[in-house]
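J.: Spelled out, the chains give:
Number of protein chains: 2
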Amino acid sequence: MPRTAFFISDGTGITAETLGRSLLSQFENTDFIQVTKPYIDTLDKARSLVGIIESTAERDGIRPIVIDTIVDQAIRSIVAEAPAFKVDIFSTFLAPLEEELETHSTYTVGRTHAIGRDDVYMHRIEAVNFALDNDDGARTHQYQEADIILIGVSRCGKTPTSLYLALQFGIRAANYPLTEDDLDENGILNLPPSLANHRHKLFGLTIDARRLSAIRTERRPDSRYCSMDQCMQEIGQAEALYRRHNIPFIDTTRFSIEEISTRMMNETGLQRRFSPR
Amino acid sequence: MPRTAFFISDGTGITAETLGRSLLSQFENTDFIQVTKPYIDTLDKARSLVGIIESTAERDGIRPIVIDTIVDQAIRSIVAEAPAFKVDIFSTFLAPLEEELETHSTYTVGRTHAIGRDDVYMHRIEAVNFALDNDDGARTHQYQEADIILIGVSRCGKTPTSLYLALQFGIRAANYPLTEDDLDENGILNLPPSLANHRHKLFGLTIDARRLSAIRTERRPDSRYCSMDQCMQEIGQAEALYRRHNIPFIDTTRFSIEEISTRMMNETGLQRRFSPR
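Chains as they are written, first to last, in the numbering used here: chain A, 79 to 355; chain B, 79 to 355.
Hint data in this document are derived by calculation from the structure and do not stem from the laboratory.
Everything numeric in this text was worked out from a predicted model, so none of it was measured.
Watch out, some of these pointers could steer you wrong.
Any copy will do: because identical chains look the same in the list, a pair fits if it lies in one copy or spans two.
Unchecked claim - In silico lysine to aspartate or glutamate, DMTMM-like type, Cα no more than 25 Å apart, as pairs:
| hint | residue 1 | residue 2 |
| --- | --- | --- |
| 1 | Lys123 | Glu336 |
| 2 | Lys123 | Glu345 |
| 3 | Lys123 | Asp166 |
| 4 | Lys123 | Asp329 |
Chain A extracted, bound-state conformation (with noise of 0.2 Å):
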């Protein structure tokens, strides 16, 4: 029988379901229905989804969990009411805080990374635009402005990531797929000339080859591309070009675009461009 876990929020849920998502995780025999209802800013609202609250609690049998980050006083105590077992971040952790700090706190919905403002939005557009300009080795030219320079065979999660650490970190990340003219013998003992000037920069993707096949196959079916020979060669000589030439990577398989970017981010010491308000 499966809980229900709300995750409220008066701005766009985030926070709410961020955290949320994290403690339920701990909970790993435990069946949620997880629900977000970001933008509860006005009390009707409000008061419409403790109707669906009430309205769940008698279908699921057992009072849903609740985990907000509602600011405004009014409505949370309109949420207050429901009948759930609740986790209010928000008064959990403030009035400590405004202890700690002597300060009050200002009650404002979070509004972060605006497009109105002008740095963090430059450097954020600048970095996805960067991103798609230097897909799969569309160009090359620019790999001076590089930030970072993902390399690894065709499908191993480096346009997701490339784009990932532009949107999240404002990181300038081109990326190049490492072809079978790359990885021939002469290949790995020499870097491919378009990044052999650029070695500092370069960080290796790898995956699993059965994973990388299944991939490959939901983009050509029954290709020589797909098959668990041809991944398997790729990929084999992809990692003996990382350590040939002494190339950081990491193996896609197990992590999520989140992980893999944090990672990178954490390994290499880059700096994310934009500090986050």
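Add chain B to chain A, keeping to what the hints say.
T.: This is chain B only, laid out in the frame that chain A set:
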């Protein structure tokens, strides 16, 4: 005199950082130096971190704030020795949740969306590929498969929003730039042909003219393209088009990409393609 805040985790640090930023943003009158320390997953790393916190406390002349989501008990107890004001998220909430759920927490470091988890990763990667293939009106014949089609004048925020929707929610977002041809009088009366059949999927973006002019100036300085006159005219026409065809739209000027995306999801009722773990 700024106060230092550490966001500490044995995983990516995303939860500690997200919650930490939210909490600190409630203290607008206090200056914070915010430092994220992810992957504190060995006793040695924990000890060296305590050293950093100690010297930070000395430098600042006041103890730092520590917001952490460390799961491992041995590592926690080392970090607990640091001279800091601690917001210990997990120990605060896990015990009450254990009681409510009548089960023990499994105390595992968070692992979300691993590339190895077929369904989630496939949705993400397909959505990212869709956004890339359908960026900037490059193609219009796949609109049948789009979840949403973002429209707006050049440089109003369409591309980063499409990519965020893809990465974060697995939403297939195409985007189409409204050009001068689309925005003449006939264009406003009649939607561009490639959009006309997908009216229910359209979502408009608009932006403050001054802001747009500044963004365009970065790309093409001293051009007609970036002039205030041109920006004002295009924006006026785009908004007229939205109103004429009852297309919902959002002003991106005051919002972050996160906010634009979550507001769109909320207003359209679009459902994310993968459920977070």
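J.: Next step is simple, just say for each hint if it's right about the structure.
T.: These are the hints, each one checked on the structure:
{"no.": "1", "hint": "Lys123 to Glu336", "verdict": "between (32 Å within a copy, 21 Å between copies)"}
{"no.": "2", "hint": "Lys123 to Glu345", "verdict": "between (45 Å within a copy, 13 Å between copies)"}
{"no.": "3", "hint": "Lys123 to Asp166", "verdict": "within (18 Å within a copy, 31 Å between copies)"}
{"no.": "4", "hint": "Lys123 to Asp329", "verdict": "between (45 Å within a copy, 22 Å between copies)"}
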